[in-house]
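Engineer: Sequence:
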Amino acid sequence: MKFLVLWQMELSLLSPEMARAVGAMPEYGERLQREGKVLARYHVVGSHGGAWIYEVESHEEFERLLGRAPVFNFARYTVHALAEMT
Numbered sequence: 001m002k003f004l005v006l007w008q009m010e011l012s013l014l015s016p017e018m019a020r021a022v023g024a025m026p027e028y029g030e031r032l033q034r035e036g037k038v039l040a041r042y043h044v045v046g047s048h049g050g051a052w053i054y055e056v057e058s059h060e061e062f063e064r065l066l067g068r069a070p071v072f073n074f075a076r077y078t079v080h081a082l083a084e085m086t
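Taking the UniProt record's numbering, the leading residue of the sequence shown gets 1, the next gets one more, and so forth.
Hints should not be assumed to be uniformly reliable.
What the hints assert, rightly or not - The calculated label-pair distances, taken between Cβ atoms and stated as ranges, are:
1. E84 x A24: 27 to 37 Å
2. M85 x A19: 33 to 43 Å
3. S47 x A24: 13 to 23 Å
4. R76 x R31: 15 to 25 Å
5. S15 x E84: 36 to 46 Å
6. T86 x L13: 35 to 45 Å
7. H80 x P16: 30 to 40 Å
Honestly, the hints are just simulated from the structure, not real lab data. Glycine included, every Cβ here is placed at the ideal spot set by N, Cα and C.
Turn these sequences into a full structure, and let the hints steer you where they fit.
Structural biologist: Written as structure tokens, this is what we have:
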């Protein structure tokens with residue numbers, strides 16, 4: 001299963017905790033890419049957030065990985081399930 005996740009930071013929540021969470025995202029993303037759970041990560045130009053493509057075995061695994069993201073409590077997410085066009 002593949003999911004496109006667009007996430008945007010809630011700047012109204014700006015705090016030292018949020019800054020630490022943002023700083024932890026690159027390491028979190030790199031680890032998920034090494035594990036094959038994230039296929040690609042992009043910065044969305046002109047916004048405070050990104051676009052990640054996840055590839056997981058189940059909805060439960062996806063929810064777990066998303067919920068463990070350092071910025072989970074500071075960001076707004078839009079999730080799109082992806083299907084192959086063959």
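Engineer: Indicate whether the distance between the beta carbons of S47 and A24 respects the range 13 to 23 Å.
Structural biologist: About 19 Å separates the Cβ atoms of S47 and A24, which means 13 to 23 Å holds.
Engineer: Tell me if the beta carbons of H80 and P16 are separated by a distance inside 30 to 40 Å.
Structural biologist: 32 Å, holds
Engineer: Take a look at whether the Cβ-Cβ distance between T86 and L13 falls inside 35 to 45 Å.
Structural biologist: 41 Å, holds
Engineer: Take the C-beta atom of R76 and the C-beta atom of R31, compute their distance, and say whether it sits inside 15 to 25 Å.
Structural biologist: 23 Å, holds
Engineer: Between the beta carbons of E84 and A24, is the distance compatible with 27 to 37 Å?
Structural biologist: 32 Å, holds
Engineer: I want to verify a distance hint. Is the separation of the beta carbons of M85 and A19 within 33 to 43 Å?
Structural biologist: Given about 40 Å between the Cβ atoms, the range holds.
Engineer: Could you check the hint for me, namely that S15 and E84 are 36 to 46 Å apart, CB to CB?
Structural biologist: 41 Å, holds
Every hint from the earlier list agrees with this structure, and none is contradicted.
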